[in-house]
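Start from chain A and add chains B and C according to the hints.
Residue numbers (the UniProt record's numbering), protein chains in the order written: chain A, 1 to 289; chain B, 1 to 338; chain C, 1 to 333.
What the hints contain is simulated information worked out from the structure, not anything from laboratory work. Hints are not guaranteed to be accurate.
[Claimed, not checked] Chain B stretches covered by chain A per the calculated footprint, using a threshold of three residues with CB under 8 angstroms from any CB of chain A:
#, segment
1, 119 to 127
2, 132 to 144
3, 262 to 270
Glycine included, every Cβ here is placed at the ideal spot set by N, Cα and C.
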Amino acid sequence: MFKANKLGIIGVVILLLFLFFALFGPIYVEMMGNSYSPMGGMDTSLGINPETNSYAWPPSLKHPMGTDSKGSDIFSQFLNGSYLAFLIGISIALGAAILGVIMGLISGYWGGRWIDSLIMRSADALVSIPFLPLLIVIAAVVGSLHLFTFIMIMMVFSWVGVCRVIRAQTLSLRTRPYIDSARVAGASSSRIIFKHIAPNVIPLGFYELTMIVGAAIITESGISFLGFGDPTQMSWGMMINFCTAQGHTFKAPWWLLPPGFGITLLSMAFYLIGRAFDEIVNPRLRKME
Amino acid sequence: MANLFEVRGLKKYFPVGTNLQFVNLKMFHFQMKQRVFTKEEEWVRAVDGVSFKVDDREVFGLVGESGCGKTTIGRLIVKLMEPTEGDIYLDGKNIVKLSKNELKDFRKNVGMIFQDPYDSLNPRFTILESVKEPLDIHRIGEREDRIKKVVSILKEVGLNPEKSFLKRYPHELSGGQRQRVAIARTLIVNPKMVIADEPCSMLDVSIRAETMKMMIKLKEEFGLSILYITHDISEARNVTDSMAVMYLGKIVESGRTDDIIENPSHPYSKALISVVPDIDPDIKRGKIELLGGVPSSSNIPKGCRFNPRCPYAMDICREKEPDYIRVEKDHIASCHLL
Amino acid sequence: MNAKTKILEVNGVVMHYRLSGGRSVRAVDGISFSVEEGRTTGIVGESGCGKSSVAGTILRTLPDNGEIKSGKIYFKHGEIAGKSGMIDLFSLSEEEIQKIRWKGISMIFQGAMNSLNPVRRVGDQIIEIMRYKDKISKEEAQKRLERLCNIVHIDPKRMRSYPHQFSGGMKQRAVIAMALSTDPKLIIADEPTTALDLITQDRIMEEIKEIQKELKMSMIFISHDLSLVSEISDRVIVMYAGKIVESCDKRSLFREAVHPYTRGLINSCPRIRGDKGKLSGIPGEPPSLSSPPKGCRFHPRCPYAIAICREEEPEYKEMGEGHFSACWVVSDG
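So that you can see chain A by itself, here it is in the shape it has in the complex (with noise of 0.2 angstroms):
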């Protein structure tokens, strides 16, 4: 079922692969010592590169994936932005998620109530308001855009699509005659809602949460990269940001690819999860019998 879809183990392989990065990372830095560290770590011993006129070197023994312009090692950088990675989307998603889910479940469950056209508007109201130049113009005023402000941000604005699904989903389920006879045999809403309605609707919400890890993994590189990131965490999107702000964008390619490539293959490998487990959706919700 899921095992024998194949886009499905591909991007699980990358995910573990990714996930190996992220913990590898501190351990990394324990073996190789302080001057590896991924924030303000430098390694100067090899000098100035002549072709890049900074301490920037291509990969080496000593170097895997190299250095950047300050010295630094290009490698325990990507490790660090694996686990940053890992933490951004994974915690945006889960509460936008949990809360999305939560909130798709009373709006669906009271469908034309109050409650629900309050949630609905909520929604509607939030999703009108265009989210990225918001960011940009919260990361101007207070300066830069602390990471645990980010991730807030980003949660309240993502539990808008979440919601509507399981709303929709909610409302479809709740007509079901085995929804009716636990009415009658005396369930109360909770009971309904926890028990017969959202066992049904999670795994739609855990698709949608993987779809949101994605989408949160590549805005967070996107806000880096123009500069209204967080600038105490080098993440995927802060080592593009550098490498291009030191101008370095084409003189050392081993700066830009790692990043680029990680911001690339992780979010797909939780695309691809999400779209096999899309599959394991659908045909359960279609199969009657």
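Here is chains B and C on its own, set in the frame of chain A:
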């Protein structure tokens, strides 16, 4: 025999254009507020003044074609929706307005079996979980007792070997077996009354008879009454003690089943009986031709609502709704011809 | 047998639906029957017996995983496909059988009312089929349409309406008109009245009987409702788990049915007339068509099963004149 259950003057109107799917969820609270602006004619009069009584240990049939309001009555009785007007009495107590606690108690007393065995059990619950749920909801007995109760009721509904069904899922069972599970789930709290809404219409013919027989057996054992809703009048004949024939939201004839089948008095009942095909090729059935199709419940004809299709319609039928005439003991019908 | 000619003869047809993992659903597992010209053969059986698959097998409108394994189906009017006389439908190419569809053999599907195109006028849909199959002019098609309207009792003016403006009964009549529009020799009707209310069902059945008499049409009537089948058919075939268990004329069905399943089915039908009688069902469940029981497929539910029933499949043979059945218990005397 005591009157267990009574319905008086029950009415259920929906504003035209209501999405009937959402009705039972009180969604049309909003639309009800529009009532002030809605004209009398723009209501779907699904149930238009229905009264009947069900005795203790009786199987009472509600028979009619789709759209006659019988399913709506079932849903009103189990309080999946509220009536527009009218009273419902269970054991002498009016159940239309109940407090939260009274409602929970009520749910133990009236159960329902649904038409679709393929969708009336939660596909993610095991049989054990589905049948045990009413006990959990009403906190009956201790954990261990509950499982024992489930096993015992599965035996009663003929699911053998009981223990093997506990961990299975609905999709592993056949339609007939699922319906038995639904019945078990309803009976496990020992209700006084069960509404059966077309319980056999989605089952194979050979399974129907078994299911009907089982329901009658359980009715005796558990001492309950059944309101049996069906469009199949031959099914009603074989399983009900008394019945009511419905047309467009009203009862046109009611009484003891045998009396009605032998001596149908309302032209609609006569027509309904005459169109049932017979497996015996030598039986010639007297066909009664009805003109036209069933009108919509939002546009109920003036006078006797059956008059446009009635082959015997007279002038008075187009003007005045007929009263209920007593045809014989316990047998009434509403028709100007009587 | 009398000298009535056969318009369709089904001989030992086997059709399976292929499932993943090498298993298959043996939906039609060796059936033989015939349809006489101008008469109706009814096929009755419960869900999962394979009766609906029979129609698809005759017209070869099966889904991708439907495989015809063996047998022959002889149809009298081979000239429609460009061949002469009695031809084996299975021997025709896709192009040839396409010619037979709707011109030689027409079909009324289950739930056909919902298969009317909702965005086109009803009359146009019928005309389209006529012109596609018979290559006639618009005027000619219009005239034929009016004639059809008379046959199925629809006001010709209503043909300009859209399906949603038709009632259930009218939609079904429109579908019947569609099936008749190309003057087919044989119509297969698969549960044509299930979704209709009883009164309309009765009327439609009457109309079908009238039409059949008037046009001298042959018909195969498939239904789960034994009384419906019995009323309209001349000959009745009872199917169970992909096999024919009994076949006889309608009178013998009620009076002299021999197969335990048929008897069980008859006793399961609640009657409105005559004795209330003892309503008895058949215990157990129909078997899975992907792994049917060994021996006679009905034996797990049969009150008369003997040892051989569990081991060997009974032979389908003639028990009385024109009365066939497949049962060990009965054929022994």
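Each hint, compared with the structure:
no.: 1; hint: 119 to 127; in the structure: holds (count 6)
no.: 2; hint: 132 to 144; in the structure: holds (count 4)
no.: 3; hint: 262 to 270; in the structure: violated (count 0)
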